[in-house]
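Engineer: Sequence:
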Amino acid sequence: MEYFTSQHILIVEDNPGDFMLIQDYLCEEFATPVIEHAKTFGAAKIKLDVPVHFDAILLDLSLPDANGKLLVTEMVRLAGTIPVIVLTGYADKDFGIKTLALGIADYLLKDELNAAQLHKSIAYSVERRRINNELKDSEKKYHNLFDLSPIPMWVYGQETLKFLNVNKAAIEHYGYSKEAFLSMTVNDIKPSEEVARMEEVITRIENSKNLKSIYRHLKKNGELIDVEIQSSEIYFNDNKACLVLSNDITANVYQKNILAFEKEVYESNATGIPFLEVLNKLIENIEQIVPTSFCSMLQLTENNTIVTLAGGSMPPAYLKAINGMSIGPSAGSCGTAIYTGKNIIVSDVNTDPLWADYRTVIQTFGFKACWSVPIKKSNGKIIGTLAAYFKNIKHPQPYHINLLERAASLVGILIENKDAAEDITKSNERYNVVAKATSDIIWDWNIKTGQIFWNKGLGAVLGYHELNDITDTQWKSQKIHPDDAERVVESMRLHVKNKIVKWQDEYRFLCGDGLYRYVFDSGFLLLDKDNTAFRMIGAMQDVTKKKEEEHQLKLLESVITNTNDTVVITQAATSGNDDILSAKIVYVNEAFTKMTGYTADDVIGKTPAMLQGIKSDKKEIKRFAEAIKRWEPVEMTIINYKKNGDEFWNNFSVNPVANEKGWYTHWIAIARDVTENIRRDQEITKAIMNAQEQERSQIGAELHDNVNQILAGVLLNLGMTKVKPISEQKEWVDTSMSNIHLAISEIRKLSHRLSPVSVDDNSLKETFTSLLKSINVNNQYKIKFIIKEVDELEIIGDIQLNLYRILQEQLNNIMKYAKATVIEVSLRLQSNAIQLRIYDNGIGFDTKHSKNGIGLSNIKKRSQLFSGNFFLNSSPGNGCEIIVEIPL
18 MEYFTSQHIL IVEDNPGDFM LIQDYLCEEF ATPVIEHAKT FGAAKIKLDV PVHFDAILLD
78 LSLPDANGKL LVTEMVRLAG TIPVIVLTGY ADKDFGIKTL ALGIADYLLK DELNAAQLHK
138 SIAYSVERRR INNELKDSEK KYHNLFDLSP IPMWVYGQET LKFLNVNKAA IEHYGYSKEA
198 FLSMTVNDIK PSEEVARMEE VITRIENSKN LKSIYRHLKK NGELIDVEIQ SSEIYFNDNK
258 ACLVLSNDIT ANVYQKNILA FEKEVYESNA TGIPFLEVLN KLIENIEQIV PTSFCSMLQL
318 TENNTIVTLA GGSMPPAYLK AINGMSIGPS AGSCGTAIYT GKNIIVSDVN TDPLWADYRT
378 VIQTFGFKAC WSVPIKKSNG KIIGTLAAYF KNIKHPQPYH INLLERAASL VGILIENKDA
438 AEDITKSNER YNVVAKATSD IIWDWNIKTG QIFWNKGLGA VLGYHELNDI TDTQWKSQKI
498 HPDDAERVVE SMRLHVKNKI VKWQDEYRFL CGDGLYRYVF DSGFLLLDKD NTAFRMIGAM
558 QDVTKKKEEE HQLKLLESVI TNTNDTVVIT QAATSGNDDI LSAKIVYVNE AFTKMTGYTA
618 DDVIGKTPAM LQGIKSDKKE IKRFAEAIKR WEPVEMTIIN YKKNGDEFWN NFSVNPVANE
678 KGWYTHWIAI ARDVTENIRR DQEITKAIMN AQEQERSQIG AELHDNVNQI LAGVLLNLGM
738 TKVKPISEQK EWVDTSMSNI HLAISEIRKL SHRLSPVSVD DNSLKETFTS LLKSINVNNQ
798 YKIKFIIKEV DELEIIGDIQ LNLYRILQEQ LNNIMKYAKA TVIEVSLRLQ SNAIQLRIYD
858 NGIGFDTKHS KNGIGLSNIK KRSQLFSGNF FLNSSPGNGC EIIVEIPL
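Numbering (this note's numbering), first residue to last: 18 to 905.
If you are wondering where the hints come from, they were derived from the structure by calculation, not from laboratory data.
These numbers were taken from a predicted model, which means no experiment stands behind them.
No residue lacks a Cβ here, since even glycine has one placed at the ideal position from N, Cα and C.
All clues stand as given, with none of them false.
Below, simulated DSS-like cross-link-like pairs (lysine-lysine); rule was C-alpha separation at most 27 Å, straight line:
| hint | residue 1 | residue 2 |
| --- | --- | --- |
| 1 | Lys86 | Lys56 |
| 2 | Lys359 | Lys516 |
| 3 | Lys385 | Lys237 |
| 4 | Lys878 | Lys805 |
| 5 | Lys519 | Lys546 |
| 6 | Lys571 | Lys611 |
| 7 | Lys185 | Lys237 |
| 8 | Lys623 | Lys601 |
| 9 | Lys408 | Lys207 |
DEER-style ranges, computed between Cβ atoms:
| hint | residue 1 | residue 2 | range |
| --- | --- | --- | --- |
| 10 | Gly397 | Ser508 | 15 to 23 Å |
| 11 | Ser249 | Pro68 | 38 to 46 Å |
| 12 | Phe382 | Thr466 | 51 to 59 Å |
| 13 | Ser200 | Thr49 | 54 to 62 Å |
| 14 | Ala617 | Ile638 | 20 to 28 Å |
| 15 | Leu905 | Lys394 | 52 to 60 Å |
| 16 | Ala617 | Glu652 | 19 to 27 Å |
| 17 | Tyr533 | Met627 | 44 to 52 Å |
| 18 | Ala617 | Glu503 | 44 to 52 Å |
| 19 | Ala502 | Ala617 | 45 to 53 Å |
Full structure from sequences and hints, please.
Structural biologist: This is the structure we're talking about:
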């Protein structure tokens, strides 16, 4: 007990000498004891009321304010789990022994007390307290595991079989109160056939100490359940007992039984047993799985009444009584289930309003509960109901409903297959007649062999005359258009695999003439007695013409409805007057109204001439009319007038429309407002002319100021050679040669500026690189050129040339005005547009107060020429950046 080196101890002693002695003993045995002293019971009570932990209390039996039994009783109560050790003299020896029964941990005689004895008593008392606390915690955990377990548990005596204890889960699951359980034996929750097994169970538990097996139990409400019991032998209050865990496996047992009887029903149906006999066998299985149930199967007739399909153990008189009853929202369980298409669960027919009109009938036969589930076909159509009746009030468990739903689904499949088989038989009787009479291509596919039998349509419609009306699936698959083949083949495969009886698709099929035709193909799947697909019969129709017409109509509808251009349809001009401008309008779209201001009501019945006015070009109209007389498509751009009198440039193209006989019946005009385009073209042309004039002025100035002066200097130098000595003439000739080379260089620069750049043979990267090098022969600029993605695109020459001129114009501005040392040029692809960025770190300028020069104006006009955007960013001291975006 080396860990008892430091203890917090309360000494309750009124004798100073005894206290000093006890304190010395404690200090002798404990390394660092914490000692507190109380001279009276009242003082001790105050210390114990404070939340301070004491490891032990040493108590004198005789205090000024309390002594004897009362002192001990009160001190033990106040101490709680703290061990109390009584210190007494010889006179109190007998009473000291009695205090053990009052809850003290130990008693010591003062006259025999020594340090070792005191240490031993304290150490053992503290250890005993720790062990007792652990035992209490362990016992509490055990009770929690038992009481709070979600699995029903109980303890019963091996000799009496009486319940000794049950947990909450058992009480809730079985329905008995704890008091009721404790008054019962385990045999009281078992059906009679299980009671006989109890002696065997006890023997097996005694031999193996634990047992795991499956039994059937009865709940308080009479419900019979399957449980997996796990038993272990234990001692309970010193007597042999069994601890039992009861796991309800009723749902699992139900699932196994359902699978078994489903298999049995399928096998019976496949072996040719009469259909009604199969249904009665199914009902018999349900009644075995759900004890005390009476089951029936009803079918819906065409006049919305019910008739018996199978009755099981139901009283024939009851089935006769309900035959012919109508379905409805309050027609008992079965009639309501068919009417609503939902499960109708009535646990007490005597109180449920659904049975108000039929209560007398059902009470006559003693039934008190009825659960009904609708029977449906695969398409959701209600065809009947499956019901379970009981002669006691009964609430279903989820596994009961699952059983009835699966059985109803099985019946629906059986009925649907039976109807399908009957339909196929009737269909086969008509097949030969239909195959001869129809113009469709009839085919019959043997799924097992892969052979396809065709009627005369294989040759007459598809053009395969040389075939003997028999192919295989591979031949047909190869004739399907490659873009359709995978979809069509996979669709047929899934229908066969999932036994979906009706199949149809539309695809392109290669005919004997080498052309693809659109066909609408549909088939019907046949199932054998094993519910296996063995045959599919189908028919193909040539729908090529229909598809082409639909496609043309969709295209026309799309053009007319969605286009931003104006669409005008007029009647063809009457004989002797072939001018479309005199033909009556029969249709205009919404874009026409937006462009002209005229609504459809304003113009229908009138002629397009109503849009013309004073400035409409008469020569152009005459040219247009002459083309119309020849029934030729024609295009024209003239000034027309809106409803409010505003004039606008109107471009429209007209085409004649013929009917199936080739007669022209209508004209269709597609028109658009091109006013902005023409105005922009005019502005751009004017800007280009101004730029050209400016460029000519600049070139003239450079020829006069640079080249002319250089050549004048050459003449002056050459003249000096006539008057200078021969020894000095060479110097004047060399100077003249140098000036002539300088003149040639200046003329070459002007030539480069005037001549068009070639972008057909060079990429943008090459032409831009060359241009940037030409301005930096003296390395006066630090140039950074980035091109991403753009160089890989095929860009028309006009756009390339335009971008080149924009770069050339801005570089000229930089050299003349910017005083820059850094030039950055980038070409990127941004949102389907080419973005050209040119930046310099020069002096910049205030874009708000400075007027853009001719150079920047030309750049902006060139951007607009290709419907592009122009952005300018500059400020004093921060250089200049221009961004041009040209859409592709």
